[in-house]
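> As given, the protein sequences belong to chains A and B, one line each in that order.
Position 198 of the first sequence, counted from 1, bears residue number 197 in numbering that gives the first Met the number 0, the numbering being contiguous throughout.
Position 200 of the second sequence, counted from 1, bears residue number 199 in numbering that gives the first Met the number 0, the numbering being contiguous throughout.
Among the hints, a few may not be true.
[Unchecked claim] In silico PhoX-like links for lysine-lysine, alpha-carbon gap of 25 Å or less: (1) A:LYS119 with B:LYS70; (2) A:LYS119 with A:LYS15; (3) B:LYS143 with B:LYS129; (4) B:LYS70 with B:LYS137; (5) B:LYS137 with A:LYS135; (6) B:LYS43 with B:LYS70.
[Said to hold, decoys possible] Quick list of simulated restraints, FRET-style, between CB atoms: (7) A:GLU212 with B:ARG69: 54 to 62 Å; (8) A:GLU179 with B:VAL195: 57 to 65 Å; (9) A:SER203 with B:ARG84: 54 to 62 Å; (10) B:ALA88 with A:SER192: 41 to 49 Å; (11) A:ASP2 with B:GLN138: 36 to 44 Å; (12) B:VAL201 with A:GLY92: 21 to 29 Å; (13) B:GLY111 with A:VAL206: 53 to 61 Å; (14) A:SER203 with B:LYS43: 36 to 44 Å; (15) B:LYS43 with A:MET120: 22 to 30 Å; (16) A:SER203 with B:VAL201: 51 to 59 Å.
[To be verified] Here are a few chain B residues that face chain A, going by a calculated C-beta distance under 8 Å: (17) PHE24; (18) GLY26; (19) GLY77; (20) GLN83; (21) ILE87; (22) PRO97; (23) GLY114; (24) PRO118; (25) GLY122; (26) SER166.
Everything labelled a hint here was simulated from the structure, so no lab data went into it.
Idealized CB from N, CA, C, for every residue including glycine.
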Amino acid sequence: MDDKILIAKRVARELKEGSLVNLGIGLPTMVPRYLPPGIEVYFQSENGIIGMAPVPGAGMEEPSLTDAGGGFVGAIPGAASIDSCLSFGLIRGGHLDLTILGGLEVDAQGRLANWMVPGKMLPGMGGAMDLVTGAKRVIVAMSHTARGKPKILKHCTLPLTSVRRVNLIVTEMAVIEPTEEGLALRETAPGVSIEQIIAATEASLIVPADVPEMPI
Amino acid sequence: MDKFISCSEAVEMIPDGASIMIGGFMGVGSPHRMIAEMVRQGRKNLTIIANDTGTPNFGIGLLVAARMIRKLVASHIGLNPEAQRQVIAGETEAELCPQGTLAERIRAGGFGLGGILTPTGIGTVVAEGKQVIEVDGKQYLLEKPLTADFALIAAHRSDYRGNLEYSLTARNFNVVMATAGRTVIAEPEHIVPTGVIPPDAVATPFVCVHYIIGRSQTNGR
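Next comes chain A alone, as it looks inside the complex:
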């Protein structure tokens, strides 16, 4: 299975019925495709809509109805359009149940860096700092390594997005839960050994006696 699809499928299992969810750009936008049947969640797009949905069909695109990347979207019945202050009031004010974001690095304390690479890449933080600071639950969905180098590090080399500890890290190799004691290995991807995960992770991992395989 493609790494991105594996990550998206695993993250999709974290979505709870009736929750309000914000997806970062890139891999996180794949997650709704793999939502378990019968689960209804509401997607917020921080540019100003609650109840975002795919465009229902060709020719039904509307220039005033887009996601945060500017791509065309649709909306569910009962959707609401909101301005930027209200949108971020919901994010910061504890009304957002879950955000799923991509990551460049995560440190041993579970702190995410995902908004710039000094001198090379300066996309800006957009809504990421508010999302990580304010969402009730933060899931980082990212590749385990970049060009063979670990992305889960003792210390981030890149500027942090927030000092808040994220709730879960899902990669193509493992599911890791940052806890007060450190990073706990919760699941291994199919065909991946605990030793391989430890070798691909710079930060030390807490490995419980029983580490199940990812349910995919």
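Mind docking chain B on chain A? Use the hints.
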């Protein structure tokens, strides 16, 4: 009071070096006619306060490409490689600001507040040089208000007085920016008789709007 002016008259009011808030999110809900006219008239040394820099050929990206911006205050420039290049090379000054903080700083400017306290940015580079204030045991950053010489607003409809109604995700920063510009110019898609927009649907009341860009009068003939 007649607030209606042409797009070129509106842009003629804006001098080189002005600070300008521009509504929109990746060009959705941006005042595209005024942006194009600013490029045509060749404004220089502008300070642009906006969510993002659009894409290279769309929205605020046109101002970036024409090198009209001296300083940017924005949350995201990632979908415009030329904007990133100018900022990394030091050709354009940029103050990157978390999106929610940017919205609230503009609200503070427009609402007469001395700033806002936000947990966003605590412990990150965003906090550098800023005051940390503890309230009931929790730390917040003091983020200062933003105002601008002009706010350029895109709306779905304006009535003859300048009451504005927005459409779906084209609402975004327009609502708050309409409170924070010393001169506020609205660029509506449609102009309707006063009363057509019901009071409950007015998102920007007419008192905030100083000028309205009129439609072309040729009506396709």
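> Take the C-beta atom of ASP2 (chain A) and the C-beta atom of GLN138 (chain B), compute their distance, and say whether it sits inside 36 to 44 Å.
With a Cβ separation near 38 Å, ASP2 (chain A) and GLN138 (chain B) satisfy 36 to 44 Å, so the hint holds.
> Check the following: the C-beta atoms of LYS43 (chain B) and MET120 (chain A) are separated by a distance inside 22 to 30 Å.
28 Å, holds
> Could you tell me whether the CB distance from GLU212 (chain A) to ARG69 (chain B) stays inside 54 to 62 Å?
Since the Cβ atoms of GLU212 (chain A) and ARG69 (chain B) sit about 56 Å apart, the hinted range of 54 to 62 Å holds.
> Compare the distance between the alpha carbons of LYS119 (chain A) and LYS15 (chain A) with 25 Å, and conclude whether the hinted pair is satisfied.
38 Å, violated
> Do GLU179 (chain A) and VAL195 (chain B) keep their Cβ atoms within the hinted range of 57 to 65 Å?
58 Å, holds
> Taking the closest Cβ pair, is GLN83 (chain B) under 8 Å from chain A?
Given a least distance of 5 Å, the restraint on GLN83 (chain B) holds.
> At the C-beta level, are GLY111 (chain B) and VAL206 (chain A) separated by a distance inside 53 to 61 Å?
For GLY111 (chain B) and VAL206 (chain A) the Cβ distance comes to about 56 Å; the hint holds.
> May I ask you to test the interface hint for ILE87 (chain B) with respect to chain A, counting a Cβ-Cβ separation under 8 Å as satisfied?
For ILE87 (chain B), the interface hint holds, since the closest Cβ of chain A sits about 6 Å away, which is under 8 Å.
> Need the status of pair LYS143 (chain B), LYS129 (chain B): alpha-carbon distance at most 25 Å?
9 Å, holds
> Identify whether the interface hint at GLY122 (chain B) stands, where standing means a beta carbon of chain A within less than 8 Å of its own.
With Cβ-Cβ at 4 Å, under 8 Å, it holds.
> Could you check if GLY77 (chain B) really has its C-beta closer than 8 Å to a C-beta on chain A?
3 Å, holds
> Note whether the CB distance of SER203 (chain A) and VAL201 (chain B) lies within 51 to 59 Å or breaks it.
Hint holds: Cβ distance 58 Å, inside 51 to 59 Å.
Hint violations for this structure: numbers 2, 4, 9, 14, 23, all remaining hints satisfied.
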